[in-house]
Amino acid sequence: MIERDYIGREYSVGEILRERGVSRRDFLKFCSAMTAAMALPATFAPKVAQALDEVKRPPLVWLEFQDCAGDTEALLRSANPTVGEIVLDILSVDYHETIMAAAGHQAEAALEKTIADYRGKYLCVVEGSIPMKDGGVYGCVGGKSHLDRARQVCGGALATIAVGTCASFGGIPAAVPNPTGAVGVKEAVPGATVINLPGCPVNADNLTATVVHYLVFGKIPALDGHGRPLFAYGKRIHDNCERRPHFDAGQYVEHWGDDGHRKGFCLYRMGCKGPATFHNCPTQRYNEKTGWPVGSGHGCAGCSEPAFWDTMGPLYKRLPHVPGFGIEHTVDKIGIGLAAGAAAAFAVHGALNAIRRDKEPSDETREG
Amino acid sequence: MAKIVVDPITRIEGHLRIEAEIDNGRITDAWSSSTMFRGIEKILKGRDPRDAWFWTQRFCGVCTTVHSIASIRAVEDALKIKIPPNAQLIRNIIIGIQNVQDHVIHFYHLHALDWVDVTSALKADPAGTSALAASLSDWPNNSPTYFKSVQDRLKSFVASGRLGPFANAYWGHPAYKLPPEANLMATAHYLEALEWQKDVIRIHAILGSKNPHPQTFLVGGMAIPIDPDSQNALNADKLMEIKRLLKKAQDFVEKVYIPDLLAVASFYKDWAAIGGGVGNFLCYGEFPDAAGNQWLPQGAILGKDISKVLPVDQKKVAEYVDHSWFEYKNGPEKGLHPWEGESEARYSGPKPPYEHLDTDKKYSWVKAPRYDEKAMEVGPLARVLVAYASGHKEAKGAVDMVLNKLGVGPEALFSTLGRTGARGIDCLLIARQTPAWLDELIANIAKGDYRIHANEKWDPGEWPAEASGYGWHEAPRGALGHWIRIKDQKILNYQAVVPSTWNASPRDAKGQRGPYEASLVGTPVADPAKPLEILRTVHSFDPCLACAVHVTDAAGNEVIRVKVS
Chain W
1 MIERDYIGRE YSVGEILRER GVSRRDFLKF CSAMTAAMAL PATFAPKVAQ
51 ALDEVKRPPL VWLEFQDCAG DTEALLRSAN PTVGEIVLDI LSVDYHETIM
101 AAAGHQAEAA LEKTIADYRG KYLCVVEGSI PMKDGGVYGC VGGKSHLDRA
151 RQVCGGALAT IAVGTCASFG GIPAAVPNPT GAVGVKEAVP GATVINLPGC
201 PVNADNLTAT VVHYLVFGKI PALDGHGRPL FAYGKRIHDN CERRPHFDAG
251 QYVEHWGDDG HRKGFCLYRM GCKGPATFHN CPTQRYNEKT GWPVGSGHGC
301 AGCSEPAFWD TMGPLYKRLP HVPGFGIEHT VDKIGIGLAA GAAAAFAVHG
351 ALNAIRRDKE PSDETREG
Chain C
1001 MAKIVVDPIT RIEGHLRIEA EIDNGRITDA WSSSTMFRGI EKILKGRDPR
1051 DAWFWTQRFC GVCTTVHSIA SIRAVEDALK IKIPPNAQLI RNIIIGIQNV
1101 QDHVIHFYHL HALDWVDVTS ALKADPAGTS ALAASLSDWP NNSPTYFKSV
1151 QDRLKSFVAS GRLGPFANAY WGHPAYKLPP EANLMATAHY LEALEWQKDV
1201 IRIHAILGSK NPHPQTFLVG GMAIPIDPDS QNALNADKLM EIKRLLKKAQ
1251 DFVEKVYIPD LLAVASFYKD WAAIGGGVGN FLCYGEFPDA AGNQWLPQGA
1301 ILGKDISKVL PVDQKKVAEY VDHSWFEYKN GPEKGLHPWE GESEARYSGP
1351 KPPYEHLDTD KKYSWVKAPR YDEKAMEVGP LARVLVAYAS GHKEAKGAVD
1401 MVLNKLGVGP EALFSTLGRT GARGIDCLLI ARQTPAWLDE LIANIAKGDY
1451 RIHANEKWDP GEWPAEASGY GWHEAPRGAL GHWIRIKDQK ILNYQAVVPS
1501 TWNASPRDAK GQRGPYEASL VGTPVADPAK PLEILRTVHS FDPCLACAVH
1551 VTDAAGNEVI RVKVS
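In the order they appear, the protein sequences are chains W and C. Number 368 marks the last residue of the first sequence (my numbering); no jumps. Number 1565 marks the last residue of the second sequence (my numbering); no jumps.
Here chain W stands alone, though its shape is the one from the complex (with noise of 0.2 Å):
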């Protein structure tokens, strides 16, 4: 009803966030964290701004599927911007099972009109893994299957970002012996662009920068051998650790709550899985920056790498081989799981793809 009574031309972030008081000064901060955040120098905050100024708010479509909102639940708590701010000013999400108001055929209809009115212009967010197993019985809403649902709406979308590691790689439901069939995005849809951004869950800060490199630079970023961001993946927790210093010094916390433990020591003989664990936790933290799991005392579970769960346990238990001193590993060089001319092929494929539109669902979709 109120859509008919205010129907009006289209207004930019920029202006959104200035005509609800946002001042230029805290707009251009907004600006500058997310350069940061994409791992862009400096320079790039006013490029940045002239982008949001410009464009509109585009639409953006979330799908739930063998999830445990812990995604969601991430993006109700970021802060730059906040979750209010995504929803009201940035972006038009006009489907998000957990926040929207509308429930059934209007709930379903407003997704059908997204997907219609914008097709191959909009995002899709999904959160969760696929089931494949026994024709996908194992996860349907409004009576459709998840993999029906996937290859419908993240196969007409400009790109579609897989939040967590469930989306990515198939997380906790893929872990052995995978009763589900459980599967990832890319691996349910070949046919559709996907930006994984793993992580359990994923890290909202990594989230927002992603959508915002894509309003400035109006294509996806840069990925690694497993399509996830460089700008966000591109590094071992290893080596940008806190507590780096005190591997290399041979200092490690031996027993919980011991001397070297309250003293901040390496983790490493706790279990700690940074060193073959590419993400940006110990920059970006979490809620806000207040903290990230080395930070607090535990190690890292490795959680954003493929099959971490089947990979990187039990969590207690020290890793065999760690690669050496020296920042110079990269995902690729080490070798997780996949061949690195793939990798490399899949990276700059995915670059080249970013503003592909009007992808039709691929037949080659694995069943079972």
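No lab work stands behind these hints: they were computed from the structure. Check before you lean on any hint, since a few could be wrong.
Claimed, not checked - If the Cβ cut is set under 7 Å, some of the chain C residues that face chain W in the computed set are: (1) Asp-1048; (2) Val-1062; (3) Arg-1162; (4) Leu-1191; (5) His-1213; (6) Pro-1225; (7) Asp-1227; (8) Pro-1228; (9) Ala-1233; (10) Gln-1314; (11) Lys-1329; (12) Gly-1409; (13) Ala-1412; (14) Ile-1491.
Stated by the list, open to error - In silico BS3-like cross-links for lysine-lysine, where the CA-CA straight-line distance does not exceed 27 Å: (15) Lys-1351(C) - Lys-56(W); (16) Lys-29(W) - Lys-1351(C); (17) Lys-1351(C) - Lys-1329(C).
Computed from a prediction, not measured in an experiment: that's the story for all the values here. Ideal Cβ positions, reconstructed from N, Cα and C, are used throughout, including at glycine.
Starting from the known structure of chain W, arrange chain C on it as the hints suggest.
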């Protein structure tokens, strides 16, 4: 007679489907189905029991701390580990702020839109809203300028023509009764609560690295070290930040949430006679002290009889699968205690895409847990009833305050409104109590006690060849139990009976309805094309599952399809 199919209901976490029959404007029968399965219990078999909390935490991204707590307690129970007092207190603070934050999010972001018409807020007089808010509390954001700024923000949002998550809702439905000024107040607080919740939950990030999915729990204690003289441990600086945030949490609950709850409830008192449900309540108790005594008592109440609180016996918990897509080795007739529990998925429902489930047979991925063969409601209402009936001083005071302000008797608690009110009461009690645990922790540290972990049984070589245990926790959504069996240092069997399994359960062997199902029976539905009332009652449980509504006739043919402009 018409049949309403709710799949998915929105503003809940997870995937939930409700089917309901309607006759003469009232629901005559209802079925609750969860439409998603992952099989984590099965995946847990053979893994290290010390890792279980990290896995089970992922049962739910909203309830990430709660499964950690229940899981760790289960392993500690099996291995007979006693944790240091500091670890107990840190866990209590984590649990406390989880409850407070979760209840506020539920009230404003997942439930309020069932009672608050956001579009009506556009018509409000901000001065009137300011006067209303000021009559309820001395919250600083009560000025006409503030409410005008919120209204302007809403207007510019609506003027964009892109309503995002607020599109296509039941705005203008005749069952909305708040005046525009109250709608503007609640809408402003919807936005304020979004800011507030992300801030106060930073307590989890201080103590546990992040939220959701904190990463600081350990079998035997906590991984956050304590040392006032270290910048890498819990020190005075961090403790004072927690103190500030707990105060901020308490202020919001006392000055915004509770006044809003009472103001909104006063317009919907008819809902104190709707949505009663099964009338049996189960509470496991919570917030243990160093001696193991619980601040909120455990107990069971049967048949709405609050003159009697029965003790709880874990042996009386069993799960049935007569109407669930699982099979038991020895047939479905007998319920299985969680230590003997099985999670063999055997889907027998319709092939997707489908319009209807066969509700006469198996129709859900949720099992039917029963206590002493009875369907039980769990959650804040159960918690508050058990505390109230047990004579818990603070609970009694808060319940009487709310009942007096609304001018209703204790029988009003057995309803949709009562459930929503009890959540506020629960939140208030915990918001006021949690700072006391922080003070205790600070006092311990001042005495030089920095212990956070019991190391003796960390090494699996110290464990018995076989062990079994259970861990209970009063999660925001209610009684949560994890049961574990350990053999040769590995998980032999693991079963979680979670609050939404109790509340969203399908029928059992005897045909007894689960709490959602029972509470919907008798609920009025003014417009079957816009069944706002179903959302009100289902949301009052704070369900951890998701929905869409289709209306069909009893033969299963669709009779109404809602047209959306």
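Against the structure, the hints come out as follows:
1. Below 7 Å, beta-carbon pairs count as interface contacts, and Asp-1048(C) has one with chain W at about 4 Å; its hint therefore holds.
2. Taken as an interface hint, Val-1062(C) checks out: its beta carbon lies about 5 Å from the nearest beta carbon of chain W, inside 7 Å.
3. The restraint placing Arg-1162(C) at the interface with chain W holds, with a minimum CB-CB distance near 4 Å, inside the 7 Å limit.
4. Look at Leu-1191(C): its Cβ gets to within about 5 Å of chain W, closer than 7 Å, so that hint holds up.
5. Nearest Cβ of chain W to the Cβ of His-1213(C): about 6 Å, under the 7 Å cut. The hint holds.
6. Evaluation of the Pro-1225(C) hint against chain W yields a held restraint, the C-beta minimum of about 4 Å falling below 7 Å.
7. Given hint, Asp-1227(C) at the interface with chain W, holds; its Cβ is 4 Å from that chain's nearest Cβ, closer than 7 Å.
8. At about 10 Å, the closest approach between the beta carbon of Pro-1228(C) and any beta carbon in chain W exceeds 7 Å, and the interface hint on this residue is violated.
9. The restraint placing Ala-1233(C) at the interface with chain W holds, with a minimum CB-CB distance near 5 Å, inside the 7 Å limit.
10. Contact between Gln-1314(C) and chain W, as hinted, is not supported at the beta carbon level, the nearest pair being about 26 Å apart and thus beyond 7 Å.
11. Look at Lys-1329(C): its Cβ only gets to about 17 Å from chain W, farther than 7 Å, so that hint breaks.
12. The closest approach between the C-beta of Gly-1409(C) and any C-beta of chain W is roughly 32 Å, which is over the 7 Å cut-off, so the hint fails.
13. With 7 Å as the threshold, the beta carbon of Ala-1412(C) stays out of range of chain W, its nearest partner Cβ sitting at about 26 Å, so the hint is violated.
14. The restraint placing Ile-1491(C) at the interface with chain W is violated, with a minimum CB-CB distance near 11 Å, outside the 7 Å limit.
15. A threshold of 27 Å between alpha carbons decides the hint, and for Lys-1351(C) with Lys-56(W) the separation of about 41 Å lies outside it, so the pair is violated.
16. Straight-line distance between C-alpha atoms of Lys-29(W) and Lys-1351(C) comes to about 52 Å, which puts the hinted pair past the 27 Å bound.
17. The straight-line distance between the Cα atoms of Lys-1351(C) and Lys-1329(C) is roughly 25 Å, inside the 27 Å bound, and the hint therefore holds.
The structure fails to meet hints 8, 10, 11, 12, 13, 14, 15 and 16 from the earlier list, while all remaining hints are met.
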